[in-house]
Amino acid sequence: MSTTLPSNKLFLLGLCYILHMTLTLDAARSWGQGNDWKSEARRSFKSKKYNRPLNDERSRGPGHQRSNKPNIIIVITDDQDEMLGSMSTMTKTMKIMGQEGVRFNNSFVSTPMCCPSRSSFLTGLYSHNHHVYTNNDNCSGVDWQRIHEPRTFAKYLSDAGYRTGYFGKYLNEYNGTYIPPGWREWVGQCKNSQYYNYTLNFNDQKVKHDDNYYRDYFTDLIGNDSVTFLKQSIQYFPTKPVMMMLSVPAPHGPEDAAPQYQHMFENNTLHRTESWNYVNNSDKQWLLQMMKPLRPIDIEFTDMLQRKRLQTLQSVDSLMEKIHYQLRLLGELDNTYIIYTSDHGYHLGQFGIVKGKALPYDFDIRVPLFIRGPGILRDTVIPNPVGNVDLAPTILDMAGIEIPEHMDGRSLLKLIKTHRQTWNLQGDFVKTRRPWRDSFLVERGKVTKKLSKSIERKQDEKFFNEYEDALLPYANPKLRRTLRICKDPNNQPPCKEDQKWVCFRDHRDRKRIKKCRNYNKTVDGYNEFQKDSPLHSPFRTTHQSELSSSSSSSSTSKKCICDNDRKKGQGHGQGHGLFTNDKDLHQQYLRDLREDRGYGMRLLRNKRSIDNEELELRKKLIAQQLEMNRRRCRFYPNETFACDKDLTKDPEKWENHKIQLDEMIEETKKRLRNLKKIRKNMKKQRKHMSRYLDGNTSGDDDRYNSYYTDNLYNNNDDDDDYDDDNGDNDEDCDCDEDNDDFTVPDSLAKYGRNEFEGDDADSSELDDFNMFEGKVGKKRNCNREDLKCTTHHNEHWKTPPYWTSGNFCYCTNAVTNTYWCMRTINETHNFLYCEFIDSFLSFYDLKQDPHQLNNMIKTVDYGILQQLHDDLMELRRCQGWKQCNRNKNEEIFEKKRRRRRRINHRRESH
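The numbering used here applies: residue -10 is where the sequence shown begins, and numbers increase by one.
It is worth saying that the hints were derived from the structure and are not from the lab.
For each label pair, taking beta carbons as the anchor points, the in silico distance ranges come out as:
{"no.": "1", "residue 1": "I168", "residue 2": "K647", "range": "16 to 22 Å"}
{"no.": "2", "residue 1": "P640", "residue 2": "H395", "range": "20 to 26 Å"}
{"no.": "3", "residue 1": "D633", "residue 2": "I474", "range": "54 to 60 Å"}
{"no.": "4", "residue 1": "N201", "residue 2": "E816", "range": "52 to 58 Å"}
{"no.": "5", "residue 1": "D633", "residue 2": "Q194", "range": "17 to 23 Å"}
Beta carbons: idealized from backbone N, C-alpha and C, even for Gly.
Just need the whole structure built from these sequences, with the hints factored in.
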């Protein structure tokens, strides 16, 4: 039996069929006509892997206009390490940059210091080409402003139509008086990094900030201002691309964290690597040889500093999330490159150094580097060695601008594109068509004339010590005389009777000679000489006779002369129990002659009065110079600083004025050193000053006071005298037995106050905390010869967590820490070769010793060592990317290319 569908059912079935076909066609148009499900799946996978959304129109919105060029955002931190675990605590940044971009795990800086590294970042040049060697010399100086600042990547991008903006710290010596060329929006911090109480140049207007977290915290202010600039640029200039550089202060000192993060990372010890507190440094450079094991207070400090550094980075982590979210809202995330890096690394206790940077090891020169953007494989690693000099060419290449030949770096996009084409998901070395370099130059410090002379002198003395007999005839007369006298065993310290010269070594281990004070200076011999002199008898006084007899008796009995004896008139003219010399007796004779003849003080003035008049004259000159400088630059009551307009607009006048101020500073430092020297000698003579504090001096003592004072100052200025007060004679003399109950008057007590009074720790514990047996105070430095040291105190950190363990001293750097290194990484080698300014060499093979604990320079063959030296010298002289990026396979590549050209030329000719 057949059944037939009603007419209404047929109508409904046809309508459903038409609707089905319509929806199918619409779906085909929306996903691309002619694409099957396999091509759509492939497209979906690629978009996830290459930072490209499935539907670009859907992310931008209808009618959205955008630039044909990509936006570029750079985030650079200050002093962030790569090897002490700081990146592992920034989970948001690792998700945004690590999982959605590419990581360069062998990224280095050319100089592990703030200003030279940032200068290389901006210009793409090594330090020997932009001439910024330290944080002071030429850091935002006249040469930098005139030559290199107009050639930063910002100037090239601004000329190409980019809207550029800078937010944060610029250079250490930037004073905020100008806006560097190439930046349209400028929010630059004056001087070094600060989180509170800083001054900004906000579009050529100086703005001072206080210590209110909600208004002034610098990391948050950078994020807010940069987001505002980004939104306004996209809204009002949709067809113009944007380039922003965010230079945050974290984790640089003073490590002030935001309040919401001050409780975190209490027990974090990621900084305790294999080289932490490793002090077996006899095979390393001089600075590390001077280091001792970390004391308990040092360990406590490094742990707290690690904690505070990680806390400051949490604000940077939130900043990255804010930038990423704003780009998604604006529909520009798929058209924006983001670069995240640091200016250099850091160390906390590595090799026994409490904290710092400026060392050539990986913990100081290795930095994090992440790049994400259109066409970049996600969650991948490129192990090729790259550097901060490559970032400026990379930014220009991202913007489609031709890279200038004077830049020393190469564009990282060449590695990224090859990395993408080969689907290098395993993180193998990327092989580009033109071989990528495998060696990178690391250089630190400037060779000044003073430093070079000091090094040459040390090398010459070391050479003379080894070949003294053979080279003695060729030495200069002064050195020949010194070596000849020191060669005699009878001229060794301490001075003995009838010994003329004594040989010793100064604080720099150099041989020196001085005359012994007791050589041929007996008063009896001098009296015999004066008896035949016409100047002796008429004007010789009773005081002079007593002086001669006292000195003569002292020469035979070697009686110890103390202050109590001097009060009784004994031992006049004998400083520290030594005999009076001809110069002292001659001054005493002139003094007696002046009193008997009635001479005035017009011509016969002592040395102290002359010094006082000269000092007053110099004070007047300084006052005049300061008055002249006040006319050019001045401070206002609101604590702002400004200079005259003609001075700020004319670089030559500015430089001349700066040179004049430098000269005045050097002159003032010279006077200060002289005053410190006088104070030091006064402390040595303090035991003789008790007689003046009593206030009871006789008329005879007045003459002695003047005489003794002259004798004291003359002995300090006499380079030919040798003071052997530390000899055996001091053991037999106890001049303080009657002064046990002596108390210093209240008026003088403040000058001898202990710097640690009121602290919980006693003096013995503080002596253990002191690194080099010196006094440590809040306002005192504890520098040692050839070492740069500093003092940490309880008031250093103004925000929690606070330091409450007291003051202590630690050393971070040395004069000889000037070096040139070559960091090489390829498929077969991984090493660091360094040459220091004092001729010290080091070689670390990181394949065998990844933590750089052992210097293996003695195991390197001479031929290989010579080749390493030649390669390093070639890098030190290189200029431009063609010279600074040579690979060992470069010559083979050039030969093959020339061969292909010859073959093609022959084919075309035939």
